[in-house]
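Sequence lines, in order, name chains A and B. For any residue, its number in my numbering is found by taking its place in the first sequence, counting from 1, and adding 1074. For any residue, its number in my numbering is found by taking its place in the second sequence, counting from 1, and adding 6.
No wet-lab data here; the hints were simulated from the structure. From the three backbone atoms N, C-alpha and C, an ideal C-beta is built for every residue, glycine too. Be aware that one or more of the hints could be misleading.
Said to hold, decoys possible - Below, a sample of chain B positions facing chain A; criterion: calculated Cβ distance under 8 Å: (1) GLN42; (2) LYS45; (3) VAL46; (4) ALA47; (5) ASP48; (6) LEU60; (7) GLU102; (8) TYR129; (9) GLY164; (10) THR176; (11) GLY177.
Said to hold, decoys possible - Straight-line Cα separation of at most 35 Å, DSBU-like style, residue types lysine-lysine; simulated pairs: (12) A/LYS1720 to A/LYS1084; (13) A/LYS1353 to B/LYS9; (14) A/LYS1256 to B/LYS55; (15) B/LYS66 to A/LYS1352.
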Amino acid sequence: MARDLKKEIKSKLQDNIMQDALSRFADQYPGSRLKSYAGQDIEELRENLRCMKADAVEHIEELADKFEANVKARGGEVFRAKDGDEVKKFLIKICKENGVKRVVKSKSMASEEIHLNECFTENDIRVKETDLGEWMIAIAGQKPSHMVMPAIHLNRYQCAEMFEKELNEEVPGEDIPYMIQKARQTLRQEFLQADMGITGANFGIAENGAIGLVTNEGNARLVTTLPRIHVVLIGYEKLIPKTEDAAKILRLLPRNGTCQKMTSYMTMVDGPTPVMYKKDGKWVEENRKQYVILLDNGRLEAAHDPVMKQVYQCVRCASCLNVCPIWTLVGGHVYGHIYSGGIGAILTGLLNGIENFSQFSDLCIGCRTCTTVCPGKIPIPDLIDELRNRYVKKHGTPTMDKSFFDNVLNDRGLFHKLLLKAGSVGQAPFKSGKFIRHLPLFFAGMTKGRSLPTIAERSIRDRMPALEKKNPSNAKKKVAFFSGCNTDFVFADTGENVVKVLQSLGMEVVYPMAQSCCGKPILGVGDRETGKKAAMRNIEALESVKPDVIVTSCPTCAETLSETYEKLFADDPVWGPRAKAFCAKVREFSSFVAEEYKAQGKLLPAAGGEKVTFHDSCHMKRGLGIYEEPRALIDATPGVELVEMKNCDKCCGMAGSFGMKYSEVSIPMLEEKVQNIKNTGATTCVVACPSCMMQIGGGLDNQNTGIKVKHIADLLAEKL
Amino acid sequence: MEKVCENWPEKAFISGLVDAKYWTDFEANATAAAAQVYKVADYAAGEAKLKEVLKEYAPKEIIAVGGDENPALKGIYSRLSEDGTKVYTEKFDIAEHAPSADVGISTAEFGVGESGSLVVDNYSYEARVTSMLPFVNVVFVNANYMVENITSACQIIGKVFQKGYCGFVTGPSRTADIERVLSLGVHGPNKLIIIAVENEGGAK
Ligand code: SF4
Ligand code: SF4
Chain A
1075 MARDLKKEIK SKLQDNIMQD ALSRFADQYP GSRLKSYAGQ DIEELRENLR
1125 CMKADAVEHI EELADKFEAN VKARGGEVFR AKDGDEVKKF LIKICKENGV
1175 KRVVKSKSMA SEEIHLNECF TENDIRVKET DLGEWMIAIA GQKPSHMVMP
1225 AIHLNRYQCA EMFEKELNEE VPGEDIPYMI QKARQTLRQE FLQADMGITG
1275 ANFGIAENGA IGLVTNEGNA RLVTTLPRIH VVLIGYEKLI PKTEDAAKIL
1325 RLLPRNGTCQ KMTSYMTMVD GPTPVMYKKD GKWVEENRKQ YVILLDNGRL
1375 EAAHDPVMKQ VYQCVRCASC LNVCPIWTLV GGHVYGHIYS GGIGAILTGL
1425 LNGIENFSQF SDLCIGCRTC TTVCPGKIPI PDLIDELRNR YVKKHGTPTM
1475 DKSFFDNVLN DRGLFHKLLL KAGSVGQAPF KSGKFIRHLP LFFAGMTKGR
1525 SLPTIAERSI RDRMPALEKK NPSNAKKKVA FFSGCNTDFV FADTGENVVK
1575 VLQSLGMEVV YPMAQSCCGK PILGVGDRET GKKAAMRNIE ALESVKPDVI
1625 VTSCPTCAET LSETYEKLFA DDPVWGPRAK AFCAKVREFS SFVAEEYKAQ
1675 GKLLPAAGGE KVTFHDSCHM KRGLGIYEEP RALIDATPGV ELVEMKNCDK
1725 CCGMAGSFGM KYSEVSIPML EEKVQNIKNT GATTCVVACP SCMMQIGGGL
1775 DNQNTGIKVK HIADLLAEKL
Chain B
7 MEKVCENWPE KAFISGLVDA KYWTDFEANA TAAAAQVYKV ADYAAGEAKL
57 KEVLKEYAPK EIIAVGGDEN PALKGIYSRL SEDGTKVYTE KFDIAEHAPS
107 ADVGISTAEF GVGESGSLVV DNYSYEARVT SMLPFVNVVF VNANYMVENI
157 TSACQIIGKV FQKGYCGFVT GPSRTADIER VLSLGVHGPN KLIIIAVENE
207 GGAK
């Protein structure tokens, strides 16, 4: 059933308790995580984990066979389940065979994924979650909102209500230790009386059939110790070759997951182990029964998918949620299925079908923050893009998107006129259109919290003929200027400044008129074919002037032109090499200028003055890896002094069309950014990205801060 | 008591990986993980330390494992009951009294400097309930049996782990599921007390 995501988001944003918990957590997490890694080479550890897991998925069948053989050799039973229904049938069968009346579980994402508990209640078998958070959530009939901290959205009083519901007695919410002891007593009885214990696994070792469990509470140790039957529900992605490979997971998972060097318990269980119980009043000891269920549910198909197999590198630490600007704002529940955040959208797509994916994929804005912390180094936004492409291949591009894009692509002059008209009548003709990723804002019904920029009367393409006349005579290099849509139509003044700065460095600047949109908006919605058309048009247009360098002052365009184009034509014998040569020439403005400044001996600290702060664009910092150069340029600019703001590289909330489609999420992100800028006492916020400029500029203006926003080109041109 | 490996130092330890020099890291990290850590010269001193820490809890019932493999511990366990405290060391007795015992005394094979973890061989049921059910868990370990990091620890375990149950114990049982407030002793022990013996031969 289609859900009203926007409505759900709104209600989450109004949940003050959750907002408070998440914002405190988002503030504390990055520092605590780093502290737990003190003295360790994080990048080396991440690479080791990535390699090991990437290799494991290549041999997944072999590993599974070995694992199965080793469990069986030790006396365990192995069942390979295609999907959740098969798991449930199998479990009910063994429950009946063994007279199981009571079941205890320690946390298992896989069992949530297939809604396992339902089958027990339907068959009158008592089932209890034993992880404190899961236990409370289950009492409330809710779903966990986070993979590691299932109850992070609740406060102590809400938790106390769950206790009261389960225990039928008054539980004071102020007293957390009391609640913990109540849980201990209550759940201890569950452990002692259970017939069957069900666990997931953080890893399964092929060479000896052991499984590993990482917990803090110790419930997994009790679940694997006290009941006489142990069931393991493990997904194929958890298989690793050897015991020593477990270290590659264990050195990262607790640090990223809970900021601990190690959790309280890391338990490895290999085959059926001894258990004692009373038979006819007398203690007996025997080996417990062990059943290992290997769950497929879409995993094996993913293993053989050249791109999606990377999800096997996921160790479910949830750190990608902890740093995600969207997740930390809306929480886990709006992602709908069990796995939330960007990785959740991907897993949902793979395990629950691509139809379920599409709506949650909107909640990834491609800021790449998660890619800087993921222990398995999964390029989450890239996998999301790939799934979007597939979705579009299957379902086609939404016609709105496509026809508008064709319009943008084919007749820039007409498009500019349309924009102007739209702006001047204050009425957006494409109001309901959602085609706009990385395009000017005015189409969408703009809401409070952000002022709109005006469309430039004269676009950069109208201004270029006059500007080109000022080119230096003995040019050092010939630069083709690629403006991108925002600079062309909205920030034409900035475009002019780009040209002036380049000319001041002795460059000849030319503007091939046939250039168009870089294609990111249409690629962003997953339409590769139309994206290719844009790419070919731009390659032809820019090649035609035979430039030494192609410069753009938009980092998103730079990323698309220098990286995506090459990938788009990777298999094309004609366009492949052509795109490659083209990509090699593309440079982002500030890094190119910094390099030229340096070569000309101008990249030296100048006398300070007015305070300015710098905002890192997501695509520039994490996509292109550029963040030092603009700072060096600010340092070299006389009369200004750089003061860093808090979370300078956190997304401003624009992120293409996201800022419009989900303005309820975008605006709080913007407000946080504006607050951080204000706190620096700077009079100007410098950016290097037109989209950020639009968003931040709008926010600063809306709040009447009096703080200006400037592109780095504007700042440099002022002091020429 | 059944174990994953009957003799860890001989059969599992890899030369060059186990070294007393990692003690300092172990001590710091175990302490940071909320364990109480004491290093003692020998078992005689260990016994004195044990009695001292037990005073605080005035246990009526103690369950204890590791005496069969280690005569020094066996001696300690038998002397513990001299004041009338019930000390159970036989496996079915342990099973019977585990839910009500106040203190469990167990052993660890070695420690991990990087994380302050104890590597425990918990093949037997009695070893598991002893370390998990009582509110207090006291663990004896050889202070010289330390490795640098988790990688070394897993290499050593991998050498002998063919069947059974083993793993790391790092501080007491904890949760942060309510408002991310750290709370100890949710399912397992509330206190983890490590007594590390420097000179094991001394009192044997
Ligand atoms: S790329 Fe950004 S928005 Fe997308 S999942 Fe990662 S952190 Fe979240
Ligand atoms: S994708 Fe990476 S960061 Fe996210 S849960 Fe998986 S391993 Fe952790």
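Is A/LYS1353 close enough to B/LYS9, meaning Cα to Cα at most 35 Å? 25 Å, holds
A closest beta-carbon separation below 8 Å is what the hint needs, so does B/LYS45 meet it against chain A? 20 Å, violated
Chain A contact restraint for B/ALA47 - C-beta distance below 8 Å: 28 Å, violated
Please check whether B/GLY164 passes as an interface residue: C-beta within 8 Å of a C-beta belonging to chain A. Hint on B/GLY164: holds, closest Cβ of chain A at ~3 Å, below 8 Å.
With a cut-off of 35 Å on the C-alpha distance, tell me whether B/LYS66 and A/LYS1352 pass. Holds: B/LYS66 and A/LYS1352 sit about 24 Å apart, inside 35 Å.
Sort out whether A/LYS1084 lies within 35 Å of A/LYS1720, counting only the CA atoms. Answer holds: A/LYS1720 to A/LYS1084 is near 26 Å, not above 35 Å.
Chain A contact restraint for B/GLN42 - C-beta distance below 8 Å: 14 Å, violated
Decide if the proposed pair is consistent with the structure: A/LYS1256 and B/LYS55, CA atoms, cutoff 35 Å inclusive. 32 Å, holds
Using 8 Å as the Cβ threshold, decide whether B/GLY177 counts as touching chain A. With a minimum Cβ separation of about 5 Å from chain A (threshold 8 Å), the hint on B/GLY177 holds.
B/GLU102 as chain A interface residue, shortest Cβ-Cβ below 8 Å: Interface hint status for B/GLU102: holds (7 Å vs cutoff 8 Å).
Per-residue hint verdict: B/ASP48, partner chain A, C-beta under 8 Å: 29 Å, violated
Should the hint that B/THR176 touches chain A count as held when the rule is a Cβ pair under 8 Å? Hint on B/THR176: holds, closest Cβ of chain A at ~4 Å, below 8 Å.
The structure does not agree with the numbered hints 1, 2, 3, 4, 5 and 6 stated previously, though it agrees with the rest.
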